[in-house]
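K.L.:
So the sequence lines, in the order shown, correspond to chains A and B. Residue numbering for the first sequence follows numbering that gives the first Met the number 0, starting at 0 and increasing by one per position. Residue numbering for the second sequence follows numbering that gives the first Met the number 0, starting at 0 and increasing by one per position.
Since the hints were made in silico from the structure, they are not lab data. One should not assume that every hint holds.
[Stated by the list, open to error] Anything over 10 Å on all C-beta distances counts as not near chain A; from chain B, calculated:
#, residue
1, R17
2, P45
3, A65
4, S126
[What the hints assert, rightly or not] Okay, derived cross-link-like pairs now, DMTMM-like style, lysine to aspartate or glutamate, Cα gap no bigger than 20 Å in a straight line:
#, chain 1, residue 1, chain 2, residue 2
5, B, K64, B, D38
6, A, K249, A, D204
7, A, K325, A, D221
8, B, K64, B, E46
9, B, K64, B, E89
10, B, K105, B, D55
11, B, K64, A, E174
12, A, K325, B, E43
13, A, K325, B, D68
14, B, K105, B, E25
15, A, K325, B, D55
16, B, K105, B, E46
17, B, K11, B, E46
18, B, K64, A, D204
19, B, K11, B, D68
20, B, K64, B, E25
21, B, K64, A, E100
22, B, K105, B, D38
[Unchecked claim] From the derived model, a few chain A residues whose C-beta atoms are all more than 10 Å from chain B:
#, residue
23, A20
24, S21
25, W82
26, E89
27, V124
28, A196
29, A316
30, P350
31, E402
32, S437
Beta carbons are placed, not taken as given, at the ideal position from N, Cα and C, and that holds for glycine.
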Amino acid sequence: MPYIPHTQDDVGVMLERIGAASIDDLFDEIPQALRVGALAGVPDALSEMEVSRLAAERAAADGRPLNFIGAGAYEHHIPAPVWALVTRGEIYSAYTPYQAEASQGTLQIMYEYQSMIAGLTGMDVSNASLYDGASALAEACLMAVRAHRRSTSARILLPETVNPAWRHVARAITEGQGLRLETVACDPATGRIDPHALAAHAGEDVTALVVPQPNFFGQLEDADALTRWARANGALVIAAVNPVSLAVMKPPGEWGDGGADIACGDAQPFGVPLSSGGPYVGFMACRAEHVRQLPGRIAGRTVDVEGRPGFTLTLQAREQHIRRAKATSNICTNQGLLMTAATIHLALLGPAGLERVARACIARTGELVDALTRLPGVQAAFPGPRFHEAVLRLERPAGPVLEALAAGGIAGGFDLARDYPWLGDALLVCATETRTTSDIEAYARALGAVLGRAAAA
Amino acid sequence: MSQIPADLRYTKSHEWMRTLPDGTVEIGITDHAQQSLGDLVFVEVPEPGRRLAAGDACAVVESVKAASDVYSPLAGEVVAGNPGLAAQPELINRDPYGEGWILRLKPSGGAAAESLDAAGYEAVTASGG
């Protein structure tokens with residue numbers, strides 16, 4: 000059956016009825032100059048065999064590098080049952096079904112996911128996921144402005160130590176809606192939020208402070224002190240957290256005196272493989288008092304007319320189909336499929352398993368930093384405690400070094416020059432539980448060779 | 000048949016107004032409005048100190064089947080939101096003209112939206128408005 004059900008005759012009848020000569024006439028109001036026209040370089044339809052071959056060739060071009068890049072997307076071991084279960088026909092869909100309550104299994108998965116996210120973050124309530132960590136941060140900023148009813152400034156303090164890609168996305172989504180996202184500088188000595196830069200905002204009308212934990216450099220911020228500062232200055236606290244780290248760190252719900260108001264981040268580390276930039280899955284949780292400002296779907300547990308337990312979509316008056324233009328978000332799609340993967344992944348690991356993963360990440364990153372900083376011309380940039388990433392300073396630009404490593408099959412890290420020019424020649428590296436001692440030794444040998452050649456040249 | 004007390008003023012968007020002895024104006028939604036919405040589950044009232052223009056959305060009433068804005072019939076500064084509604088939104092269903100008041104406003108004397116007397120409002124509800 001063709002996906003487009005209208006025959007040429009159907010189309011002709013419809014055009015005649017509305018008095019249009021052709022389908023192109025329907026687009027008359029779009030100026031010619033703005034039209035794409037023919038798509039140069041896009042081939043005509045290919046057969047399945049041709050597409051498979053093309054895709055395999057393109058995928059092979061990526062190679063299978065030994066990966067030491069994090070910077071927002073993390074390589075973790077995904078137990079085989081995760082995707083064996085996710086791809087079962089009963090749940091293999093990204094969408095919340097229409098007549099949601101007829102799909103009790105889907106709603107139960109959402110409910111279990113929300114329970115896990117609420118437990119990890121120490122918050123009261125979670126939604127059923129958002130697109131990704133970056134858009135979750137944007138939604139958290141918008142939500143804070145709605146939730147903080149005594150603040151009229153719509154100003155969010157967004158530290159430089161938050162993932163730069165997330166900051167770009169948050170700006171793109173919120174600034175057209177009247178929010179002001181103001182950067183708070185990083186202390187170049189510690190790689191953490193500069194307390195003096197923050198103190199300059201004391202006494203001002205600040206709607207919310209974003210607290211990244213760990214921050215983009217892998218360093219641990221003083222989340223308790225930052226949360227207390229925000230409380231003392233009448234601002235809400237938005238926690239932007241790595242969910243794996245929560246297995247071993249104080250959850251946002253317990254930060255400072257009274258905890259964060261909103262916690263968000265990317266659940267990609269839970270069962271979602273790295274795949275050329277996506278898809279990811281955003282999570283978002285909050286304190287109960289803010290729940291009516293939370294965007295996205297929420298599954299709730301209830302009883303039916305005969306008293307049997309069941310699941311339902313709840314608090315829907317926040318959503319577009321009821322609230323229209325005043326809905327809490329205009330992004331209404333969640334990442335149901337990846338949320339399902341995250342739920343199964345977490346269920347398989349359990350709290351003890353996730354804690355072992357987090358501790359292994361910390362240990363491997365420590366080992367990596369030790370191995371690389373033994374090389375001449377490589378130094379750790381920041382001394383403080385870190386999670387599973389670290390900034391290394393080199394004595395030459397990181398870009399060419401990374402290219403040379405890539406030629407040898409090693410994805411050696413993220414070049415910080417573009418986003419943080421003040422850092423000089425610096426590299427962000429990451430090691431999760433998937434990196435072995437021999438992987439780390441291989442990286443150290445390769446880096447030593449590349450730097451040695453460069454020094455001799 | 001819904002109650003429409005004769006001593007209050009009304010709007011076409013189903014708010015009522017009562018001028019209190021101290022000159023402030025108490026605002027709520029009518030019996031007709033609460034019947035149309037059904038059982039209320041949540042009411043968001045404005046913070047004291049907020050300045051409103053006539054026609055501004057100033058509160059949200061949410062029932063099991065709908066969420067609606069409440070519009071301020073006149074300009075002024077919010078003196079109080081009804082603190083009882085946070086725990087008991089059903090006060091509006093039970094007593095829309097008494098315990099179910101939503102906010103009190105100190106009028107600033109600016110332009111007021113068009114208001115109706117009881118007979119005028121009854122005509123609005125009778126015409127299906």
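K.L.:
Hint by hint, note whether the structure agrees.
P.N.:
Hint check:
1. With a least CB separation of 25 Å from chain A, R17 of chain B remains clear of the 10 Å interface cut-off, as annotated.
2. For P45 of chain B, the requirement that its beta carbon stay farther than 10 Å from each beta carbon of chain A is not met, with the minimum near 8 Å.
3. Listed as outside the interface, A65 of chain B is inconsistent with that label: its C-beta sits roughly 6 Å from the nearest C-beta of chain A, within the 10 Å cut-off.
4. Consistency note on S126 of chain B: stated as away from chain A, and its beta-carbon is indeed over 10 Å from all of that chain's, at 24 Å minimum.
5. For the suggested pair K64 of chain B and D38 of chain B, the alpha carbons sit about 9 Å apart, so the restraint of at most 20 Å is met.
6. Only pairs whose Cα atoms come within 20 Å are accepted, and K249 of chain A paired with D204 of chain A is rejected, the gap being roughly 28 Å.
7. With a C-alpha separation of about 36 Å, the suggested pair K325 of chain A and D221 of chain A falls outside the 20 Å cut-off, and the hint is violated.
8. Of the supplied pair hints, the one linking K64 of chain B and E46 of chain B is violated, its CA atoms being roughly 26 Å apart against a limit of 20 Å.
9. Straight-line distance between C-alpha atoms of K64 of chain B and E89 of chain B comes to about 14 Å, which keeps the hinted pair within the 20 Å bound.
10. This hinted pair checks out: K105 of chain B and D55 of chain B have alpha carbons roughly 15 Å apart, not beyond 20 Å.
11. A distance of roughly 33 Å separates the Cα atoms of K64 of chain B and E174 of chain A; the hinted pair therefore is violated under the 20 Å criterion.
12. Taking the CA atoms of K325 of chain A and E43 of chain B, the gap is near 14 Å; set against the 20 Å cutoff, the hint holds.
13. Of the supplied pair hints, the one linking K325 of chain A and D68 of chain B holds, its CA atoms being roughly 10 Å apart against a limit of 20 Å.
14. Taking the CA atoms of K105 of chain B and E25 of chain B, the gap is about 9 Å. The hint holds against a cut of 20 Å.
15. Between the alpha carbons of K325 of chain A and D55 of chain B the distance comes to roughly 14 Å, so the proposed pair stays at or under 20 Å and holds.
16. For a cut-off of 20 Å, the pair hint linking K105 of chain B to E46 of chain B stands: about 13 Å separates their Cα positions.
17. Of the pairs offered as hints, the one joining K11 of chain B and E46 of chain B is violated, with about 25 Å between alpha carbons and a cut-off of 20 Å exceeded.
18. A C-alpha spacing of about 36 Å is found between K64 of chain B and D204 of chain A, which places the hinted pair above 20 Å, so the restraint is violated.
19. In summary, the hint linking K11 of chain B to D68 of chain B is supported, as the alpha carbons are separated by about 13 Å, within the 20 Å threshold.
20. Of the supplied pair hints, the one linking K64 of chain B and E25 of chain B is violated, its CA atoms being roughly 26 Å apart against a limit of 20 Å.
21. A hinted pair counts as satisfied when its Cα atoms are at most 20 Å apart, and K64 of chain B with E100 of chain A qualifies at roughly 16 Å.
22. Annotation: proposed proximity of K105 of chain B to D38 of chain B is violated, straight-line Cα distance about 30 Å (limit 20 Å).
23. Interface exclusion of A20 of chain A from chain B stands, the closest Cβ pair being 43 Å apart, more than 10 Å.
24. Every Cβ of chain B is farther than 10 Å from the Cβ of S21 of chain A; the closest lies at roughly 43 Å, confirming the non-interface assignment.
25. Look at W82 of chain A: its CB is around 39 Å from the nearest CB on chain B, clear of 10 Å, so calling it non-interface holds up.
26. With a least beta-carbon separation of about 30 Å from chain B, E89 of chain A lies farther than 10 Å from that chain, consistent with its non-interface assignment.
27. Even its closest Cβ contact with chain B, about 14 Å, leaves V124 of chain A beyond 10 Å, as expected for a residue assigned away from the interface.
28. With a cut of 10 Å on Cβ distances, A196 of chain A stays outside the contact zone with chain B, its closest approach being about 30 Å.
29. Its closest Cβ contact with chain B, about 4 Å, brings A316 of chain A to no more than 10 Å, contrary to its assignment away from the interface.
30. No Cβ of chain B comes within 10 Å of the Cβ of P350 of chain A; the nearest lies about 34 Å off, and the non-interface call holds.
31. Distance check for E402 of chain A against chain B: the nearest CB is about 55 Å away, which clears 10 Å, and the non-interface claim stands.
32. Taking the minimum C-beta to C-beta distance to chain B, about 58 Å, the non-interface status of S437 of chain A holds against the 10 Å cut.
Hint violations for this structure: numbers 2, 3, 6, 7, 8, 11, 17, 18, 20, 22, 29, all remaining hints satisfied.
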